[in-house]
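Peer 1: Chain by chain, the residues run as shown.
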Amino acid sequence: MTFIDTLQSIIPIALFYSAPLILTSLGGVFSERSGVVNIGLEGLMVMGAFVGIVFNLTFAEVFGAVTPWISILVASIVGAIFSLLHAVASVTFRADQVVSGVAINFLALGLGVFLTKQWYGKGQTDMVDQPFYTTDIWLLSDIPIVGPIFFQGVYAVSYVAILLAFVAWYILFKTSFGLRLRSVGEHPMAADTNGINVYLMRYIAVFISGALGGLGGSVFALTIAFNFSQATIVGQGFMSLAAVIFGKWHPLGALGAALFFGFAQTLSVVGSSIPFLADVPSVYLTIAPYLLTILALAGFIGRAEAPKANGQPYIKGSR
Amino acid sequence: MLSTRMINLIVPIISVVLGLLAGAIIMLIFGYNPIAGYIALWNGAFGNVYFFGETIRQITPYILTGLAVAFAFRSGLFNIGAEGQVIVGWLASVWVGASIQAPTIIHLPLTIIAAALAGALWGFLPGLLKAKRGVHEVIITIMMNYIALHVANYLIRNVLTDKSDSTAPIENTASLASEWLMEITGYSRMHYGILIALFAAVIMWFLLEKTTIGYELRAVGYNQHASNYAGMNVGKNIILAMMISGGFAGLAGAMEGLGTFGYMSANSSFTNLGFDGIAVALLGGNTALGSVIAAFLFGILKIGALNMPTSAGVPSELVEIDIALIIYFVASSYIIRWTLLRFFKKEEK
Chain A
1 MTFIDTLQSI IPIALFYSAP LILTSLGGVF SERSGVVNIG LEGLMVMGAF
51 VGIVFNLTFA EVFGAVTPWI SILVASIVGA IFSLLHAVAS VTFRADQVVS
101 GVAINFLALG LGVFLTKQWY GKGQTDMVDQ PFYTTDIWLL SDIPIVGPIF
151 FQGVYAVSYV AILLAFVAWY ILFKTSFGLR LRSVGEHPMA ADTNGINVYL
201 MRYIAVFISG ALGGLGGSVF ALTIAFNFSQ ATIVGQGFMS LAAVIFGKWH
251 PLGALGAALF FGFAQTLSVV GSSIPFLADV PSVYLTIAPY LLTILALAGF
301 IGRAEAPKAN GQPYIKGSR
Chain B
1001 MLSTRMINLI VPIISVVLGL LAGAIIMLIF GYNPIAGYIA LWNGAFGNVY
1051 FFGETIRQIT PYILTGLAVA FAFRSGLFNI GAEGQVIVGW LASVWVGASI
1101 QAPTIIHLPL TIIAAALAGA LWGFLPGLLK AKRGVHEVII TIMMNYIALH
1151 VANYLIRNVL TDKSDSTAPI ENTASLASEW LMEITGYSRM HYGILIALFA
1201 AVIMWFLLEK TTIGYELRAV GYNQHASNYA GMNVGKNIIL AMMISGGFAG
1251 LAGAMEGLGT FGYMSANSSF TNLGFDGIAV ALLGGNTALG SVIAAFLFGI
1301 LKIGALNMPT SAGVPSELVE IDIALIIYFV ASSYIIRWTL LRFFKKEEK
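Which chain is which? The protein sequence lines are A and B, in order.
The numbering of the first sequence is the numbering used here, which starts it at 1 and goes up by one.
The numbering of the second sequence is the numbering used here, which starts it at 1001 and goes up by one.
What the hints contain is simulated information worked out from the structure, not anything from laboratory work.
Be aware that one or more of the hints could be misleading.
With a cut-off of at most 35 Å between alpha-carbon atoms, the simulated DSBU-like pairs for lysine-lysine come out as follows [said to hold, decoys possible]: (1) K1132/B x K308/A; (2) K174/A x K308/A; (3) K1210/B x K1132/B; (4) K174/A x K316/A; (5) K308/A x K1236/B; (6) K308/A x K248/A; (7) K1132/B x K248/A; (8) K248/A x K174/A; (9) K1345/B x K316/A; (10) K122/A x K1163/B; (11) K316/A x K248/A; (12) K1236/B x K1210/B; (13) K1236/B x K1132/B; (14) K1236/B x K248/A.
Calculated Cβ distances over 10 Å to all of chain B for the following chain A residues [claimed, not checked]: (15) F150; (16) W169; (17) Y170; (18) I224; (19) P307; (20) K308.
Here a beta-carbon is modelled for each residue, glycine too, at the ideal position from N, C-alpha and C.
Isolated chain B, as found in the complex:
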C-alpha cells in the first residue's frame, strides 16, 4: 500500500517523466530523433565543465525565485510579482555595488542586503493593500512588475548613467564572481551565489517549519478566519509574507547583478526569472527542498536545451513545451494519484 508521503514524492516524478515523454513524442512527430535530442540536452548541461558551470549559474537565481513564489504560496498568497522584485533587487545591488567604496567584508553583504530590501519593499505594497484594503495581490503584483521594469530602465538611462543603456560595472569588492570557480569550469560565469541560494533555502525551511513566525504564516495560508480567531494578526502576517517573498526574489536579482553580469542593462522586456520561479515553486510542491530540486531540473533543461539545435537539430524551444507539460501534469496530479491508487489496489487483490 502506498502512503500519502510516498505518493507526494512519486507524483512530481511521474509528472516529469510524462512531460519528457510528451516532448519525445513531439520530436518524433516533427521527424527528429528524440534519443539524440535528449542526449544533446544532457551533454549541453553536463557535457563539459563549461556547460556544467553555466548550468549551476542558471540554477542559482531559479532557486531564489522559486523560494520567493513558494514562500508566498505557503502563506496563501500568489506572488506573480517576483519578476519585478528581481528587477529592483538587481538594480539595487548594482547601484550599491558601483557607487560605494568599501572592503569586501562590508561591501558584499551591504549590496546583498540592499537587493533583498529592494525586493522586500516591492513586496510590501501588494501585501499592505491586500491586508488593509483586500485588493487582490495578483493584480497589484502584475502592475508592480511593469512599474519596476520602466522605472529601472529610466533610472539606468537617466540617473545611473548619462543616456547609456547599461550601468558601470560594480566594484570588485562587491562581486560574487570568482577567478577560481571560473577557471575550474572552463571560464563559465559560475559564481559563489549558488552558496547563497542554498543557504536561503535552509533559511526558508527553518523559518517556516521551526519558528513561531513560520507557524503563523502557514496558519494564515491555511485559514485566515481561524488564524484571526486564534488571535493572530492576519494583516501583519500577509505583509510579512509578501516582504520575505520579495526579499528572496530581490536576492535572485543580486545573483545576476553581482555574479553573472556585474552590471545591469535597460531591458525592453522581462527577465522571465520571476515567471520561471512560479514553475519552479509549483513543481517543488512549494517547499524549500522541493524548490531547490525543481530549480536544478529547470536549470538543466534550460541550459541543456541551448545545445539541442547544434547537436541534434531540434529547436531549443522544445524544452519550453517540456516544462509546460510538466507543470500541466503537476496540476492534474489528481488523475495521477487516482490511477496510482487503482493500480496498487488491483495488485493487492
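One chain only, chain A, in its complex shape:
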C-alpha cells in the first residue's frame, strides 16, 4: 500500500465523519458568539436526524433522488424552529442557559423516540431508501494526485459543510450583521446603547444554530446512520460543542477542530488496514481523538477566551 493509497483510504472517510460535526459546531459558534451557551447542540442534532429520516422515509417516492437534499433542508428548518424553545427560555425568560440546553437535549431525544414508537410501532425506524451516495466531484476529481485523494468517492455534503464554514466566517467577521451579533455577545449593554436590538440578535443567533444543528444531525443520519433510534446521535453534539471551544469560538477554528475529530475517528476505523498502525492495540486508536484533544487544549492552543457575556441573560437597565 503506497502513501497515496493510504491517504485515499483515509481522507474521504475523514471528510464524511467530519461533515456533521462541522455543521453543528458552526451552529454552536453563532449561538455562543451572541452570548447564548448552547449545550443543546446534541438535542438539535437528534431533532435533525429524526426529521431527516422521517421525511426521507415518507417522501422518498415523491422526490426520488433529490430526497436527501430536501430532507436535510426540512430538518434544518424544523431544527431552527425547535431551537426557539431554547431562545425563549434563555433570552426572554432569563433562564440559566446550561439548564435550558440540558432540557433541549432531553426533550429532543424523548420526542424523537416517542414519535418513532408512535408512528413506526417500534424503537427504531426503517432504513431509508434514499440516503446520500458518494460521488466524484465534477472536474476537480480529474486533477492528478489531489483529485483521487480529495474528490473521488466523497459526499458532496462534506464540501457543502466546509463551504458553509467560510460563509459563516464571512458573515460573522466581514458584515455589519456579524459585528452586531458578536457585539451582543461581548458587551450587550454597549450594543444596546448603540441601538442594536440585543434580544432580536440573540434570537436570530440561536435560530441559526438550530438550523445548522438540524442540518448536522440530518447529514449524520443520511450519510452514516441511515435510520433513527435512541442510539443514532450519541455524543456527536457534545463533540461539536468541544469543537466550538477547541476552535476558540471561530468558524474556521471550529472547522479545523471538526476535521481533526473526523480524521482521528477515521484512524480508529481504518487503522487496522494501515501498515504503520496495524500493530497498535485498537483501544489506543479509539481513544486517540479524545486524548489528543485534551493534550492540545492543555498544551498547545493556550487559554481559550469565551465571548465575554457568554451565558449571561441580558436584562435591560441593569448595570
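For chain A, the structure is supplied; the task is to place chain B on it using the hints.
Peer 2: Leaving out everything else, chain B in the frame of chain A:
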C-alpha cells in the same frame, strides 16, 4: 406575601406539575387517556412490593450522580463527566470485588473506597487542567467520558476476562445485595446501597454547610476573584471540588457493580446515569436534600414508565418528555416567579 424561601420551594413543585400537565396534554393529543397513563405509572412504581424495590434500586445511583453534579455546580463547575466517573467507579468496584478474598468487614469498604477513588481520579484531571491551564471543564469531562467508556470496555475484554463481554461475578463478601431485602420486595434487585446513597447526601450537606472546606468551595463557586483576594487557594479548591464530585459519581458506579448487577458488561453506549444526574441536580436546586427528593421523583418516573406500555398502551418514552419539560420549566423559573409575585400582589390589593 411570599418569602424568597417559600418561592424557592414552590417553583420546583410548580415545574413538576407543569411538566406532568404538559405530558398529559401530549397523551391527549395522541389519543391516550392521560389519567389511565399516570395511574399506570404510579402502579408501575408502587403497585406491588417488586416494583417498589426496583424503584428504590433506580433511585440509589440517581441520588449519587445527582450529588456529584450538584456538588460541582456549588463550586462553580459543570461536571458533565459524571457519566465517565460512574463507569470507572463501576469497573473499579467489580475489579476489587472479584479479585480479592477478604471478610465482608474489610472487603466491602475496600471495594466502595476503590470505586470512589476511581471516580475521584477521573475528576482530578479536569480539575487540574481547569485550575492550572484554565481549560474549560465541560470539554475535558466530555472527552474523559469517552475515554472511560472505551478503556473500560478494553479492560473488560482483554484484562479482566479472556475476550468475554462481561466480568466474573464479584465475591459475596463484596456484595451489597441482600437476601432479606430481595425477599421482602418480591425478588427485586433492591440492595443496601440506598443507605450509602442517603448517607452520602448527609455527608455532602455537612461538608458544604458546616465545614471550612465547604465554605471555601462555595466561595470559589460564587466568585473566584474575591476568594483569591481573601487568601483562598482557588486552584486547590477547584481540583478538590472535581475530585469529591467524581467520588460521588464513582460511588454510583459501585451501586451498580456491587448491588444491582454484581458484574460489569462491556457497553456500546453510555449508562446515562451521569447525564440523568444533571437533571436530578438541577431540579434539586443543587442541594443535598433537593437532589435526594429529585432522585426519588425521577426514579419513580423512570421505573413507573416501564408499566405504561402494558397497562395503558402509552410509550414509556413519554416520561422522558415529562422530565425534559420539568427541567425546561425549572430553567424558566424566572417567569414562574414573576407570575407568582404578580398574582400575590394583586391579592393584597
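Peer 1: Each of the hints needs a verdict: does it hold here or not?
Peer 2: Verification of the hints:
1. For the proposed pair K1132/B and K308/A, the alpha carbon gap of about 21 Å is at most 35 Å, so the pair holds.
2. For the proposed pair K174/A and K308/A, the alpha carbon gap of about 20 Å is at most 35 Å, so the pair holds.
3. Distance restraint check for K1210/B and K1132/B: the Cα-Cα separation of roughly 28 Å lies within the 35 Å cut-off, and the hinted pair is therefore satisfied.
4. With a CA separation close to 28 Å, the supplied pair K174/A and K316/A stays within the 35 Å bound.
5. With a C-alpha separation of about 25 Å, the suggested pair K308/A and K1236/B falls inside the 35 Å cut-off, and the hint holds.
6. This hinted pair checks out: K308/A and K248/A have alpha carbons roughly 13 Å apart, not beyond 35 Å.
7. Taken as a hint, the K1132/B and K248/A pair is honoured in the structure, with Cα atoms around 18 Å apart against an allowance of 35 Å.
8. With a C-alpha separation of about 18 Å, the suggested pair K248/A and K174/A falls inside the 35 Å cut-off, and the hint holds.
9. Our distance criterion of 35 Å between C-alpha atoms is met by K1345/B and K316/A, whose separation comes to about 23 Å.
10. Among the hinted pairs, K122/A with K1163/B is consistent with the structure: their alpha-carbon atoms are about 32 Å apart, no more than 35 Å.
11. Pair hint K316/A plus K248/A holds up; C-alpha atoms about 28 Å apart against a cutoff of 35 Å.
12. Pair hint K1236/B plus K1210/B holds up; C-alpha atoms about 19 Å apart against a cutoff of 35 Å.
13. A hinted pair counts as satisfied when its Cα atoms are at most 35 Å apart, and K1236/B with K1132/B qualifies at roughly 10 Å.
14. Taken as a hint, the K1236/B and K248/A pair is honoured in the structure, with Cα atoms around 26 Å apart against an allowance of 35 Å.
15. The claim that F150/A lies off the interface holds: its Cβ sits roughly 28 Å from the closest Cβ of chain B, which is beyond the 10 Å cut-off.
16. Once the 10 Å rule is applied to beta carbons, W169/A is consistent with being away from chain B; the minimum gap is 22 Å.
17. With 10 Å as the threshold on Cβ separation, the claim that Y170/A sits away from chain B holds: the shortest Cβ distance comes to roughly 26 Å.
18. The claim that I224/A lies off the interface holds: its Cβ sits roughly 15 Å from the closest Cβ of chain B, which is beyond the 10 Å cut-off.
19. With a cut of 10 Å on Cβ distances, P307/A stays outside the contact zone with chain B, its closest approach being about 13 Å.
20. Its beta-carbon lying about 15 Å from the closest one in chain B, K308/A satisfies the requirement of being farther than 10 Å from that chain.
Violated hints: none; the structure is consistent with every hint.
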